[in-house]
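**Q** Those sequence lines, one after another, are chains A and B. Residues in the first sequence are numbered from 1 upward in steps of one, following full-length UniProt numbering. Residues in the second sequence are numbered from 1 upward in steps of one, following full-length UniProt numbering.
Honestly, the hints are just simulated from the structure, not real lab data. Heads up, a few of these hints could be off.
Stated by the list, open to error - A few chain B residues facing chain A, derived, Cβ under 8 Å:
(1) A168
(2) N279
(3) K388
(4) N390
(5) L528
All figures in this text were calculated on a predicted structure; none of them were measured in a lab. We put the beta carbon where it would ideally sit given N, CA and C, even for glycine.
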Amino acid sequence: MITNFFVLSPRGDTILAKQYRSNESSSGKDMGAHERTHTEAFFRKIKFWDDTKSVAEDAEDISTSSVGIESSSSTSVTTKRMGDAPPVFVMPDGLTYFHIRRNGLVLGASSARNVSPNTVLEVITTYVICGLSLIRISFCLSPLLGQLLSTIARIFKDYCGTLSEEALRKNFILCYELLDEMIDFGYPQVTRTENLKSFVYNEPIVVDSVPLTGNMVNPKTASAAAVHKPVISSVSANGRKTTGQQNSEIFVDILERLNVLFSNNGYVLNSTIDGCIQMKSYLAGNPELRLALNEDLVIGKNSGRYGSVCVDDMNFNDCVNRNEFESARTLSFIPPDGEFVVLNYRITGEFSTPFRIFPSIEEVSPTKVEITVLIRAEMPSNHFGANVIVEMPMPPGVTAAASCSLIHAPGTGHASAEYIAAEHKIVWTMKKFPGGAEQTMKVKVTLNKPCTTQIRRQMGPINMCFEIPMYNVSNLQVRYLRVAENMVGYTPYRWVRYVTQSSSYVCRL
Amino acid sequence: MHELRMELHSTDRAVKVDAVKKVIASMTVGKDVSMLFTDVLNCVQTGNIELKKLVYLYLINYSKTQPELTLLAVNTFVKDASDSNPLIRALAVRTMGCIRVDRITEYLCDPLSRALRDEDPYVRKTAAVCVAKLYDIAPDLVEERGFIEILHDLISDSNPSVVANGVAALSEIAESSGKDVMRITASVLQKLLAALNECTEWGQVFILDSLAKYTPADGREAEGIIERVTPRLQHANSAVVMSAVKVILSYMELMGSQNSDAIRALTRKLAPPLVTLLNSEPEIQYVALRNINLIVQKRPNILENEIKVFFCKYNDPIYVKMEKLEIIIKLVSEKNIDQVLLELKEYATEVDVDFVRKAVSAIGRCAVKLERAAERCIAVLLELIQTKVNYVVQEAVIVIKDVFRRYPNRYESIIATLCDNLDTLDEPLAKASMIWIIGEYAERIDNADELLETFLETFEEEDPAVQLQLLTATVKCFLKNPEDTQDMVQRVLDMATEESDNPDLRDRGFIYWRLLSTDPDAAKIVVLGDKPVIEDDTFKLEPALLNILIGQIATLSSIYHKPPDSFVVRRRAGLPTEEDDEDDEEDDDDEYDEEVRDSGAGGVDLLDMGGMSVNDHKQFTPTAPMTRVAGPEKAGGIEVFSGFVQEGGKIFMELEFSNVSAGQDISTFAIQLNKNAFGLSPANQQVIFQPPISPGSSGTTRVEMAMNPAMQVPTPNGQNVNPQIQVAIKNMHNNGVFYFAVNLNFECLFSADGEMEKTAFIEAWKSIDDRHELYATVSDLPADSTSIEDVQQKFAAYNIFFIARRPVPNAEGQEVVYFSMKSVHGMTFFAELTFKRGVNAAKVCLKTEATSYGGLAKSALESLLRGD
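Modelling step: build the complete structure from the supplied sequences, incorporating the hints.
**A** And the structure:
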């Protein structure tokens, strides 16, 4: 239950503002002003998040055990970077704010909610701040709202093509219309793109996508976002618009993000795959689709069965019919328009990691340290890792200089390694890392102080970022994807991609 | 502006649309475009739905500032509400609901009731939400027009989204009115479960939330519902998953222990979806983690084998890392401690200072929690101290102090290492901890006095916490080793008592001084006394609070780990809440104020000021309402009046005997009570009138009553208690026995410890089902019962404790007051009194768990109000 909703630009200007409920604390004429100050205060808060307060709270929790000692809260004030604000917090005005970050943008909403004697919470205010580098929607009904925020972000993107300050500014009327349909009196209503289509009349104004810089892209949405095309103009389902010949096509991504932690001797300490099958559909007429996965897929770690793919848990989109899933591992569904996730899965435990990292450190002299990092690609040689970035933090303040030398396997694209003094880290980049190859980096670090254990500890961990196209670690395969009924002359283009990405691929030093 | 106006009046539709868009654009960025109100309004007369939507958007925004003008649009609304296009019908109903102008609501009712029965489900679902909107503005109207009943009908609608919105609207009304309008019956339950499979993800959340509030009749029903809800755990929407988890957890309680197999199976099923939540975006992870924190406290076995998933990832945001640490500490056990320690040690070398500190303190907390692993934990801490990183050492010192308190006299060997790092300490908390350790183990540290000496050099600049610790530690040191430290103690005491302006420090200094100077042995007992061993604080939420919070999973309270009323302002007709959503700091202030008030009322009025205002009021003392219970013809010539009163915490039966025709002076009687519903019996069976009552005169006496459970007649549940007490009196002069019955006036049984915290009261009030509410209206109040202050005074004399008062929103001159009372049997009663200015009457609403006694308590309040 949301009362307000707004979108602010990175500078804190209001782009969209929608009020669903009246706020009792303010009334009448000063309402508008009141709201503006809210968004301003909220913006300041997230921009200059200072968590001393929450830390003090935590400290309280901890110090409950220190009965005999009069504790005083720590006075150290640490000013934090943007992005350190937890997604849910209360502002002094009693409103609760929730915000999320997407695609380099931050989506947030905030609300204070009222709770009745029993359970249900009531949201007073919801805000969206949005902008080039910052879109925030905040809500209150915690997970519900967090989820809703992502959904709204997705819908805006589906409709406007891209999610950027410019797109929202140009399409603000459309966004209002969407917001109107999506939320009524603070209750989320329809949030499926294809359902919304029949209620929404405004047409999107297409904006060129803003080129996003590499590390701002959220890996989860980056791949399918490659298609920046608003759904509405491509669809002639309701007969209202028939704008020429449209390609009937559907994009399917099998996306796996890896979380792996290696110990310093190369053993895997912790590993999970966080995977999903994501689609973006531009199919005319919304036909029913059938998607078949590996027949010997096993769900549940302890189910006792054996198969080539064993996932811990799997969850499905609303539209998926799972009648034949148990028997034949086939799903049928009518794809909603736009981008959506068909299913998510999670795998923990042993799997063959695509890269293994073997670091070694040698103290040549008290002030000289030599670090060797060997990385071996263990996937088949017809695959390769792309845009590989290996980062290794160095102790700040004591590192005087570091020189890197590389031994590269053949077939490696442009590669370089250097010490970036401002960020105190060594960055090693490779355009291409062929499967089966080995790469080595030797770093000679000169310290301006003798090396102590503490300085030793500040080196590392090694963090690796990469993307492996057309490869997935789990072996989960799409056996086929086809239109359920045979329709004559209906041959949609199907683009199936497999992508493996690093989420947190870390080796301790 | 003028141009815009011209464009608005343009006949070209495209120009018009553009103009309205421009208006809305300026409105959004905060420019005032209200002067165009009428011009924009004119555009509403159009068949174009796009334009109509824009105009409505504008209308909603300015309806607050221009209520008069909005009325002009009413006709359009009414017309649109019967448009042939269902989208327009729904749009009109939705917009009308958003315009919060009182006068518009009258026009809203007819279209709304039509819309609620509309053939198009889209209109029906919009109308359902509109009822909730209307309830927010004019609750009376909703009840009057029977909209609530229609909403009940909508629950059996064929369209699942309509069902979901109906549920949402009813839940909202139930919550804001405090009435149980959303009652789930067996048939409703079936419909909800059926709709659950079909409706949108948000609809599923509404339905699951309302299911969570339902209490299944028995374990089997609970199990049945859980079975239907379990598939929701595989939903991709985290909100649905969390709500499903909430329903399952609350119903699991009801399944009881006889069904341990089913519970174990469920526990297994719950773990994977919860873990999967951690793979979503960091924001949702945060929410999930806060909730998991609660779940782990309630049912640790669900995730006992999953501790690895809570290990922090390199790229987790700091707020996620912090929450993960909390959960790791909750899940740590003998089995996984080695793994955890390795992990925590690794965290302690990270960059983020706050995270490192938390990791270090987590190691200490593991030591406190797991006795057998304590040694390993301490080894890790020592290793970390060796790194000499300032903040690591400080944090380690702080937790080691806790470890010492948990395992006294076991790990002193590490004190030496700590002492080596004295100079790195610069934070007050760390210093204070270290000083405490030195003081506590002064006899084992050879140079304890020297160490303290170094701290004393800067005594004046230290934080008060450090000063206090220094003072205590020095005294401890002196008591253990009086020869060497006499000077030092003298100096510290001087500084504490003469040079400091901190009252705590001064007071403590004086106490020690006096103790030391008069009786050093007593000082030893006091200062060196054994301290209670601290306990593992891992599962630190109280079970009662935890249960409340488990019921609140997937809401904000589960994130703040506070019950909803502690941070939410109630909107209407409900309970009193202060501005609880203010900072904790201010809460403390409130408490402080209350304390001050309490002590002022407590009789010790040092400044002689508190009494002034009180004196203006009449002092009430409880009196027993005397009723004639026996006439002379029955009681051997004696007329008897009787009643009950409480005085000084004791209950007395007051007896007034009139010697009408007994023929002699009467003075001595014996009394016996029959078994009664209250367990009252005379403490002393002899009744003596002093002086004796001569014929023609009368006398009073009181018999002290005792509570005797053996004398209590149990009242069957659901029946009202019989207030009657049957009494037998034996006239010792002529051995004649007579009987009479007297009704107990229940207020005499209210005990003095019935006062409650406001929050506790709210909790209790809410926990009682509305079905157990009792209502009464007392009219023709006497003069001393019309003002709330007077009633409060009067009630206080009867141990009816004032909790809070507040004006009723939206009702001029009405005010509600809340009272609590507790009978000597331990039954608690809660009352809500509503007064209206200028009206000589009050409404009484009483809630209690002890339903049988509720009626009595209610009539007691009534009679007190009436003053009879």
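**Q** Among the hints numbered above, which are violated by the structure, and what are their numbers in rising order?
**A** Structure breaks hints 4, 5.
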